[in-house]
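Generate coordinates for the entire structure from the input sequences, incorporating the hints supplied.
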Amino acid sequence: DVRPNVALVTIDSKAQAALGKWPWNRNKLADLLAAVATGEPAAIAVDIELPDEAEQDSAGYTNILAGQLSWIDKAVLSYDIAPATFRSNKTSNPKSLFTNSMVVSNKLGEMGDGSCINSRKVFLPAEKLTAAQSQLGFTYDAPDNDHVLRRQPMFMNYEGYYYPSLTLRTAAVYLGVSTDQIKIFEGKEIQLDGKRTIPINSNGQYFVKFAKSQPFQNWSAADVLAKGFDLSRLKGKAVIISADDPSANETFTTPVGKVVPSAMVKATVLENIINQNMLVPPQGTSPALLIIMFLLGGVAALLLPLMAPTYRVLLILGGLVVLMNVNYILLSQFDTLPNTIYIGLELFLLMIAAPFLDSELLTGVSPASTRTGRSGARGRKPVKETDHPDGHQPAVREIRSRSTDPENQATSALDQGDPSSGEIRTTAHDSFDHQTISGEIALNAGESTSSTPQDGIFTGADSSRNLKAVQVAEPPVYDSGNVNDSGEFQQTPEIEPSRSTVGATDLKNLGRYQIIGMLGKGAMGNVYKGIDPAINRPVALKTIRLDFVNDPAELAELKERLYREAQAAGKLSHPNIVTIYDVGSEASLQYIAMEYLEGQTLEELIKKKTKFNYKIIAQMIIQICNALTYAHDRGIVHRDIKPANIMVLKDYSVKVMDFGIARIDSNSMTKTGIAMGTPNYISPEQLRGLSTDRRADLFSLGVVVYELLLGRRPFRGENITSLIYAIMNIEPEKPSSSLQQIPMLFDHVVMRALKKDPNERYQKATEIVADLQAFVESFAVRT
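For the sequence shown, the residue numbers in our numbering are 3 to 785.
The hints are simulated quantities; they were obtained by calculation from the structure and are not laboratory data. Be a bit skeptical, because a hint or two may be false.
[What the hints assert, rightly or not] The list that follows gives simulated cross-link-like pairs (lysine-lysine, DSS-like), each with its CA atoms no further than 25 Å apart:
id, residue 1, residue 2
1, LYS30, LYS16
2, LYS229, LYS23
3, LYS531, LYS561
4, LYS97, LYS76
5, LYS652, LYS610
6, LYS617, LYS523
7, LYS214, LYS185
8, LYS561, LYS573
9, LYS211, LYS260
10, LYS736, LYS617
11, LYS211, LYS190
12, LYS613, LYS652
13, LYS573, LYS766
14, LYS237, LYS76
15, LYS76, LYS130
16, LYS523, LYS510
[Claimed, not checked] If you anchor each label on the Cβ, the simulated ranges turn out as follows:
id, residue 1, residue 2, range
17, GLN569, GLN775, 27 to 35 Å
18, LYS613, GLN569, 37 to 45 Å
19, ALA84, GLN516, 43 to 51 Å
20, SER72, LYS613, 53 to 61 Å
21, LEU298, GLY259, 33 to 41 Å
22, GLN569, VAL323, 47 to 55 Å
23, LYS190, ALA133, 32 to 40 Å
Note that this is a predicted model, so its numbers are computed, not measured. Glycine included, each C-beta is placed from N, C-alpha and C at the ideal position.
Structure (C-alpha cells):
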C-alpha cells in the first residue's frame, strides 16, 4: 500500500559509489536539488545540515547551491536545535528565522513553559543559503523512556517565539499555507488555515501513526541524476532529500520496526498530515473515565472479598485482557489513543492487593482465628498457626553459606545466624532482592558487624561471612576493595598474582620497540616508555596479559578481538584523543603502541589536590566532549571514562586514552574472574547489565567533573555493594552545596549528566559543550 504523495530521495550507498562518498560538495547537492525541482513536486524537505563552511564558501560551492535555491519556491531547509530546560524571554531573532514564526491562539501569543520544546540555541544553515531560501524547519527526535519513538514535536520555542518542525513546515508548503496561517491551540491542535487539523498533546507532540510496511517510494540520488529518469514521477509529491550517513544519522525503534531511519519517521509524519491519516491523542481526564474508575473500585470492594484469592487474581487478569482489547479496537478502527492508563493502573493495584484482602492487616482478624472458628463449628480441634499436622514445628528452609565453600549461595534475606560458625540462615518468606545488581558480585566485608539488609542491599557482614547474589547477567566483576580515609571505596591492587612468564625487569623489547623504562601499572598489565627505532619516535607501550586464558579457542578469539578493537580505535584521528600506532604480541603479552605524551593524568592531578580555575575546568570538559563526540559519531563508545584515562598536558590541552581497550577489559577479563577495579565511574545501566550507548560515557564524565570540582566522587560506600546501591539509587548533592564559589552552571551540567535514566541525561556531548561555551567565552578579552 504505497502512499503516492510522499517520496524519499536518498544519497545512499549506490549514489555514493557512483558520485563520490558523503559528504558531497554543495555543487553536487545543487544538481540533485535542481533535478528534483524540475519534476515539479509540491514540496521539498532538505533533511541535510548545511552550516557555514569556509572550504565550501571559498570554492564557490555554497554560492552555486544558493543560486539553485533562489528559484525553487517549494524547498524547506532543515536546522538543528539544542534543547533548554527553561524558556527564554523574548529577544530579537535572526530575520531568516523570524519569518518562520507561527501564531498562537492564547492571549499575548504565549503558551505555558511545558507546552513544547524550549530551545537555547539554533544551528541555522549558512547565511547565503537562508538569504536565498527562508523557509526553515527544525529537526529533533525524542524517543520515550522505553527507547521507542512514538511522538514527534511539531513546534518549539526560541527566544519567545514559536517555530515549526521540518515536517510541519513542509506539510504547510505542500498545502499552500504560509507560516502566519498556521495557528496553534495549546495542548489541543494545530490548524493549517482550515485545510488540516493536527491533534497534539499537552507538550506540543504529535502521535505518529506508523505503517506496518514500507509505504513510500524511495529513489536513490544516483537514479534521479541519471539520464533517462522520468522526473515527472515526482510531480505533486512531498519529497524528502536525505543522506545515508551512518556517522550522523540516527535510527529508531518504533511500534512497528526496530531500525527506522530518521528520514522515514519524517516521511511518515508528512504522510499522516497530508492524507489526514492521524491518531487522536487523549485529551485530559474525562468525567466518564472518573465514573468508570469509581464504579470499578466499588465493585472490587464488594465482590473481591467474597472470592477465593486465586479467583480474585484471575478476575482482575480478565479485566486487564478486556481493557487491552478495547484499546486495540479504538486504535485500529477509530484511530483514537484511549486514555485508559489510570484504569489499567487501578486494576494492577487491585491485583497486588487481592491476595491480602482478608488478611489481618486489612480486617484486623488473623487468618488463624478465622480457621479456628470454622473448625469449632464442625467440632474439630483448633489448629495453632505454629502447629504442624504431625505435631512438629513447620519446616524452615535453611541455606548455609560458609566462606570456605564458594558453591553455596544465599538467595534470601539474612536471619539471625551463628557468627562463629559462619552460617547464614534464611527463611523461605524472607526474600533478598538482588534484581538491582546485575551479575555475580562476591562480597567479603571486612570489619563491619552489621548483617541487616536495607532496601534490598546488603550493607555489611561479619568478617567470616561471604555472600553471593544470584547471577542474572554478565556485567563487570569488581574486587572487594577497602575504604580510604575519606570514606570512598577503593580497589585493592591485585586479586590474583601475575602468572606472566615475562617479568617487568626482563623486558628489553616489545616487537620492534625498545623498552626505556616503566610508566605505570594497570589491572591488565604494565605501561612502558619505548622507542620506535625505525623513525626514532618515543611511544607508550601498554601491555595486556593473556596468560589467564587456558582455552586455546578463547585465547584466539580474545587476540582477534584485541586486534579488531585496536584497529577501530586506531582510526580515530583527533587532537583530543591519544593516537594508536600499532598492536602486536610478545610471548604471553599483547601490546599496543600509542602516542607518548609529556603530562599527568587527571587522576594524579586530583590526588595532588591541584586547584584549577573554573575557566580551565570548563575548557578541559569541552575538550573531553569534543573527543567523545568524534568517537561517538563513528560508533565507538569508550565505556571507561575516568581521570586515569584523561591526560592533561602542560598547556592544559587534554588527551583521552584507551578508546577501544575498555571493551576488551569488560568483555574478556571479567569473563575469567579477573577483578577490574571499582565501579566508581560506571553508569547505572551498565551495572544493571543493560545495553549501553554514548550516554553511559556522559554519566562517567559527570562523575569526573564532580570529582574535579570537589576532589571527591559523588557516590561513596563502605563496600562494593553499598557503592553500587548509591550509584543506582542515591541522588548526589549539588557541588555548590559543598563549595559555594562553584558557579551554578556546573551544578546544572553535573546533575544532568548524573541522571539515573539515560533519557533524562544529556543525549550528546555537544549539548554539554553548548552549555559551557558561553561560560568560557565570557572570559575572553574584549577590545
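Status of the hints after comparison with the structure:
no.	hint	verdict
1	LYS30 with LYS16	holds (15 Å)
2	LYS229 with LYS23	holds (21 Å)
3	LYS531 with LYS561	holds (23 Å)
4	LYS97 with LYS76	holds (19 Å)
5	LYS652 with LYS610	holds (15 Å)
6	LYS617 with LYS523	violated (32 Å)
7	LYS214 with LYS185	violated (31 Å)
8	LYS561 with LYS573	holds (19 Å)
9	LYS211 with LYS260	holds (15 Å)
10	LYS736 with LYS617	holds (19 Å)
11	LYS211 with LYS190	holds (17 Å)
12	LYS613 with LYS652	holds (14 Å)
13	LYS573 with LYS766	holds (21 Å)
14	LYS237 with LYS76	holds (12 Å)
15	LYS76 with LYS130	holds (18 Å)
16	LYS523 with LYS510	holds (17 Å)
17	GLN569 with GLN775: 27 to 35 Å	holds (34 Å)
18	LYS613 with GLN569: 37 to 45 Å	holds (40 Å)
19	ALA84 with GLN516: 43 to 51 Å	holds (49 Å)
20	SER72 with LYS613: 53 to 61 Å	holds (56 Å)
21	LEU298 with GLY259: 33 to 41 Å	holds (35 Å)
22	GLN569 with VAL323: 47 to 55 Å	holds (52 Å)
23	LYS190 with ALA133: 32 to 40 Å	holds (36 Å)
When the structure is compared with the earlier hints, violations turn up for hints 6 and 7 and for no others.
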